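Enquirer: One-letter residues, chain by chain:
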Amino acid sequence: MQTLTNRAKVLEQKPLTFMERLYLPNIAKGMAITFSHMFKKRPTINYPEQTRPFSPVFRGLHILNRDEEGRERCTACGLCAVACPAEAITMEAAERKSNEEHLYREEKYAARYEINMLRCIFCGLCEEACPKDAIYLSETFAPANFTRQSFIYGKPDLLIPDPKSQPDEFRMAQGRLEAHKANVKAAKNDQ
Amino acid sequence: MSDEKKLFKVTIDNITVEVEPGTTVLQAARKIGGEVAPPAMCYYTKLKGSGGKCRTCLVEVSKGSTADPRPMPKLVASCRTTVMDGMEVKNITSERVIDARKGVVEFLLINHPLDCPVCDQAGECHLQDLGYGHGDEGTRYEFKRRTFEKHDLGPYIQLHMTRCILCYRCVYTADQVTNKRVHGVLSRGDHSEIATYIEKSLDNDFIGNVIDVCPVGALTDRTFRFKNRVWFTKPVEAHRDCDKCCGKVTLWERGDEILRVTARKDEWGEVNDWICNTCRFEKKKTSDWVIEGPTKVNRHSVISQGHYVGVHKPKETIREVMGGRDPKLLFDIHTVSEVNKPGIDLSLIQGPATSDVFDSNGKALNQPKP
Numbered sequence: 001m002q003t004l005t006n007r008a009k010v011l012e013q014k015p016l017t018f019m020e021r022l023y024l025p026n027i028a029k030g031m032a033i034t035f036s037h038m039f040k041k042r043p044t045i046n047y048p049e050q051t052r053p054f055s056p057v058f059r060g061l062h063i064l065n066r067d068e069e070g071r072e073r074c075t076a077c078g079l080c081a082v083a084c085p086a087e088a089i090t091m092e093a094a095e096r097k098s099n100e101e102h103l104y105r106e107e108k109y110a111a112r113y114e115i116n117m118l119r120c121i122f123c124g125l126c127e128e129a130c131p132k133d134a135i136y137l138s139e140t141f142a143p144a145n146f147t148r149q150s151f152i153y154g155k156p157d158l159l160i161p162d163p164k165s166q167p168d169e170f171r172m173a174q175g176r177l178e179a180h181k182a183n184v185k186a187a188k189n190d191q
Numbered sequence: 001m002s003d004e005k006k007l008f009k010v011t012i013d014n015i016t017v018e019v020e021p022g023t024t025v026l027q028a029a030r031k032i033g034g035e036v037a038p039p040a041m042c043y044y045t046k047l048k049g050s051g052g053k054c055r056t057c058l059v060e061v062s063k064g065s066t067a068d069p070r071p072m073p074k075l076v077a078s079c080r081t082t083v084m085d086g087m088e089v090k091n092i093t094s095e096r097v098i099d100a101r102k103g104v105v106e107f108l109l110i111n112h113p114l115d116c117p118v119c120d121q122a123g124e125c126h127l128q129d130l131g132y133g134h135g136d137e138g139t140r141y142e143f144k145r146r147t148f149e150k151h152d153l154g155p156y157i158q159l160h161m162t163r164c165i166l167c168y169r170c171v172y173t174a175d176q177v178t179n180k181r182v183h184g185v186l187s188r189g190d191h192s193e194i195a196t197y198i199e200k201s202l203d204n205d206f207i208g209n210v211i212d213v214c215p216v217g218a219l220t221d222r223t224f225r226f227k228n229r230v231w232f233t234k235p236v237e238a239h240r241d242c243d244k245c246c247g248k249v250t251l252w253e254r255g256d257e258i259l260r261v262t263a264r265k266d267e268w269g270e271v272n273d274w275i276c277n278t279c280r281f282e283k284k285k286t287s288d289w290v291i292e293g294p295t296k297v298n299r300h301s302v303i304s305q306g307h308y309v310g311v312h313k314p315k316e317t318i319r320e321v322m323g324g325r326d327p328k329l330l331f332d333i334h335t336v337s338e339v340n341k342p343g344i345d346l347s348l349i350q351g352p353a354t355s356d357v358f359d360s361n362g363k364a365l366n367q368p369k370p
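Taken in order, these protein sequences are the chains called H and U.
Counting along the first sequence from 1, when you hit position 123 you're at 123 in the working numbering, and nothing is skipped either side.
Counting along the second sequence from 1, when you hit position 293 you're at 293 in the working numbering, and nothing is skipped either side.
These are computed hints drawn from the structure, not numbers from a lab.
Just so you know, these numbers come straight off a predicted model, no measurement behind them.
Hints should not be assumed to be uniformly reliable.
[Stated by the list, open to error] Okay, derived cross-link-like pairs now, BS3-like style, lysine-lysine, Cα gap no bigger than 27 Å in a straight line: (1) U:150 with H:132; (2) H:97 with U:265; (3) H:97 with U:5; (4) H:97 with U:341.
[As the list claims (entries may be wrong)] If you want the footprint, here are the derived chain U segments under chain H, 3+ residues with CB under 8 Å: (5) 110-122; (6) 219-233; (7) 236-249.
Quick reminder that beta carbons are idealized off the backbone N, C-alpha and C, glycines included.
Make the full structure from the sequences, and use the hints.
Expert: This is the structure in structure tokens:
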């Protein structure tokens, strides 16, 4: 028969020798290999108690950023939604009222902002498109769930903690954000 | 007529075209079309006396005419310069023009705020196109941009004076299309602003047309304010019987909602026919209109994003395989999603939506307490 490649090997079917027919030496040889692994370094870790460090440019779940006064940065300009190749982002804009100036940075804001994590491919184009420094991809991935409904992420899921009510959490989120921005910048310069 | 009208031969960017005497260089270039036509921010074909203010349509005349072949020493505004026989004009083939236009764009953008993310004109803004096509990436201007006291122009028209480039188009529109003009340009120089002097709302039947003629986002439709971005709406040609105007419009729809009504525009962004305020602001139901079909949008325009034209959908075979049964829907997005709730009809809200609109749904807005 003509072979498809030149790498095919013809299998020789010789009768077993006496040593091979004994079986026991080969079993001992296999057991020795298994036993030797007891002394080798373990390649696995005990997730979730232990975690591995992420790559500096890892793209995980999105967050919506706030400024130092805790006002939302997003103005619902729709550039993330238009950049999104999976069409996962939807939003509805509203006008800021005069008593809401401490909540929103600009006169227009996203009253509703949703990311469908079932559609999202975590490409990071929304982060690149954002002119307002408002959306970033964090270093966490979407938790598994049994229902599809739980993958529609609204504003309460995406917004980072408010610096007024949760100053420590906000600082932590901001610190990680700054490190993330520096990493992305460094990665771009390397290219 | 005893003899035929003499036509002038004019060469623009090495393309020769024959036009009637009295035609402007800009119109001759538009007759050729495409890249050759210089951009215009203030000139408007349908408005008498417009043009000559923004200087974006500057061209180089390298040969005055057959009779006097000397070139014109300076760049000239093509919207105000009439053609001569044998004239030779350089637009995109001239280094000087490209450089001058870059400077003009920089000047126009000096006081223009960078609020495109907020502005409703974004996506169909002529200044955006101009800046993208002819401008520099950055600005050299380091000082504070001018600001103005807010003027209220009534329930239909929203004025953002900071975005204005003082093209005077809206002033000419009010003069020539409506029977009474109540707004104009007040003050001089850097303080010039579009206003009504005494706080007065614009309420003439045809005053809504100032929104269409505005090349930037200075005058925008208040009934469309912040409802959606232009590129997420789909333009549809429609008409209705109107006793005041021609009733031929473009509807900007989102789903079945009509978010905005504008006049139909030609390839130069100028309206074909003026429409009245009733058509523009008050007819926001699909039942008010006879729909003709989708508007043709340039493939390179951001408005054409997400319009998958000419796509052949593959045949759905699930029904055949399942013995006539439809596939089971895993979940209806509206059971979870807060966006585009069937209960909230944005097109029927007068003016921009606020937190009240979204709160009235029964659910509190997703806001942490301050």
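Enquirer: All hints, please: hold or fail.
Expert: The hints, checked one at a time:
no.: 1; hint: U:150 with H:132; verdict: holds (24 Å)
no.: 2; hint: H:97 with U:265; verdict: violated (34 Å)
no.: 3; hint: H:97 with U:5; verdict: violated (62 Å)
no.: 4; hint: H:97 with U:341; verdict: holds (22 Å)
no.: 5; hint: 110-122; verdict: holds (count 5)
no.: 6; hint: 219-233; verdict: holds (count 7)
no.: 7; hint: 236-249; verdict: violated (count 0)
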